[in-house]
Amino acid sequence: MHGYNVLRLLREGLSGHKGWQPAWRKAEPKASYDAVIIGGGGHGLATAYYLARLHGLTNIAVIEKGWIGGGNAGRNTTIIRSNYLYDASAAIYNHALHLWKGLSRELNYNIMMSHRGVLNLAHDEGEARQLKRRVEANRLNGVQAEWLEAKEVKAFCPPISIAPEARYPVIGATLQRDGGVNRHDAVVWGFARAASAMGVDIIEECEVTGIETEKGAVTAIETTRGRIATQKVASVAAGHTSVIAGLVGLRLPIESHPLQALVSEPLKPVMPCVVMSNAVHVYMSQSSKGELVIGAGIDPYLSYTQRGSLSIIEHQMAALIELFPFVSRLRMMRQWGGIVDVCPDASPIISKTDVKGFYVNGGWGTGGWKATPASGHAFADLVANDEPNAIAAPFTLERFVTGDLVAEHGAAAVAH
Amino acid sequence: MFVITCPYCGERDLTEFAYGGEAHIARPHWREDMSDAEWADFLFMRANPKGVLAERWMHAAGCRRFFNMLRNTATDDILAVYRIGETPPKVEARLPATPSGEAPLGSGNDAVKVIQPGEGG
Chain D
26 MHGYNVLRLL REGLSGHKGW QPAWRKAEPK ASYDAVIIGG GGHGLATAYY LARLHGLTNI
86 AVIEKGWIGG GNAGRNTTII RSNYLYDASA AIYNHALHLW KGLSRELNYN IMMSHRGVLN
146 LAHDEGEARQ LKRRVEANRL NGVQAEWLEA KEVKAFCPPI SIAPEARYPV IGATLQRDGG
206 VNRHDAVVWG FARAASAMGV DIIEECEVTG IETEKGAVTA IETTRGRIAT QKVASVAAGH
266 TSVIAGLVGL RLPIESHPLQ ALVSEPLKPV MPCVVMSNAV HVYMSQSSKG ELVIGAGIDP
326 YLSYTQRGSL SIIEHQMAAL IELFPFVSRL RMMRQWGGIV DVCPDASPII SKTDVKGFYV
386 NGGWGTGGWK ATPASGHAFA DLVANDEPNA IAAPFTLERF VTGDLVAEHG AAAVAH
Chain Y
57 MFVITCPYCG ERDLTEFAYG GEAHIARPHW REDMSDAEWA DFLFMRANPK GVLAERWMHA
117 AGCRRFFNML RNTATDDILA VYRIGETPPK VEARLPATPS GEAPLGSGND AVKVIQPGEG
177 G
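Chain order of the listed sequences is D and Y.
So the first sequence is residues 26 to 441, counted in this note's numbering.
So the second sequence is residues 57 to 177, counted in this note's numbering.
Misleading hints may appear alongside valid ones.
Unchecked claim - Pair by pair, the computed Cβ-Cβ distance ranges are:
| # | chain 1 | residue 1 | chain 2 | residue 2 | range |
| --- | --- | --- | --- | --- | --- |
| 1 | D | Ser313 | Y | Thr143 | 20 to 30 Å |
| 2 | D | Asp149 | Y | Phe122 | 29 to 39 Å |
| 3 | Y | Arg121 | D | Pro194 | 30 to 40 Å |
| 4 | D | His123 | Y | Cys65 | 51 to 61 Å |
| 5 | Y | Ala74 | D | Arg33 | 33 to 43 Å |
As the list claims (entries may be wrong) - Listed next, the stretches of chain Y that the computed footprint assigns to chain D, with coverage defined by at least 3 CB atoms under 8 Å from CB atoms of chain D:
| # | segment |
| --- | --- |
| 6 | 70-76 |
| 7 | 133-146 |
| 8 | 151-157 |
Claimed, not checked - Not the full set, but computed from the structure, chain D residues with beta-carbon under 7 Å of chain Y:
| # | residue |
| --- | --- |
| 9 | Ile228 |
| 10 | Glu232 |
| 11 | Thr234 |
| 12 | Pro325 |
| 13 | Ser328 |
| 14 | Thr330 |
| 15 | Ser336 |
| 16 | Pro369 |
| 17 | Val426 |
The hints are simulated quantities; they were obtained by calculation from the structure and are not laboratory data.
In this text the structure is predicted, and so the values were computed from the model without any measurement.
C-beta: ideal position from N, C-alpha, C; glycine also.
Make the full structure from the sequences, and use the hints.
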């Protein structure tokens, strides 16, 4: 792998940019691997990267039914934060934040990580109390968090309206200063490039159609590009986790819903931070291209169609115009949906299963992006050692039997 | 976004309805030796199919009555509407060719549709 650096850029610039190589090899599926990861999104590629780098497993493959960056990795709003309520969540999301901070350097790929701060708005006294409690819980867990009064919110984010006569006035907000956004494509491309350089095969346009087991253990997978023998299958298929688990006859506590986002025409820099509101159901940031990136809640019904309902967009835009009146004069350019798999406690599943050699990483609901490196890090550990590490242990499937749930609806509900 | 035919009120917009999740999940009869796993299965485990799903809806802005519906979750085609207590009718659905593939029509995601061997572009 050729490194990316200023000298190389200069040299390529002077020679007409003819020397650039593809970032990763287009691999053909081999007859067998030590492990196969189903799903070439951020979490899947991070899993492959850490398996190769930390656990020395390089005879592995990532199979992706579409192309790298074409699934939920390319559909989310890239918001990074770790201000979750409970210890288990703070541990995994803050681990992710820690990894995000060094990832550009580690991957030699600029993921455009911007720690511009994330505001979570409070619109009534009850919500303010909840958020202040969360600030204190965050601080106990070493998560950066502070409470801002309405005037301080306005100072931190000038375009916001804190008019007291608003239907849902802003009365304050929590701020995580080291939260922010990054570049979704760069993350998956960077992970794919680094994993591929260590020998991981990244196989695009290859969908798993069956999983073979013998005496309760995985022996091979069937794909649209042939059979691959393997003892370990790691499913990181986001919205399709239930479908993949169904191939080995497992039922999961997951339901899949459409989640929509949309972007405006590009503007000069107007939004200095990320703003999220659970109460009025909207969140917004500005991308490096200048587009305002806007998201809301999931559609209430279960579906695998990547569309969602117009009524959700109407609702979120109404809320947004009240929060940011200047948005009423903007045109929206694109809208899309992605399928998110939601767990009953709004926390993910990183777990082995009753089928030996079949591992599940899913149920991230509406907020998986921020966890990408930590999710891959913990899942790689589980796949390599067959036991969850301290970070993954609270997120096993057993919690639905023991009742030891990690109920993060308050921190995860709309917000991602 | 779709239009749902309430069996009591007729065709109405989706926004008039509240979602009730997967239908026909019976609460298990209590037994002394019932395991936690059985309860977990009833409480949390769901079929979540990419295909035909039997689900409950409630006409919240109308008659406020629950009813059942069969819908293809790969396309959002509504296949049948029937009342609570009735058995689901037999239906045919346009299913994806592969388990997590995209349906021929209406998935909204033709870009990631994988062309199967023998299938035209």
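Check your understanding: Checked against the structure, which of the hints given earlier come out wrong?
Key -> Failing hints, ascending: 1, 5, 7 and 9.
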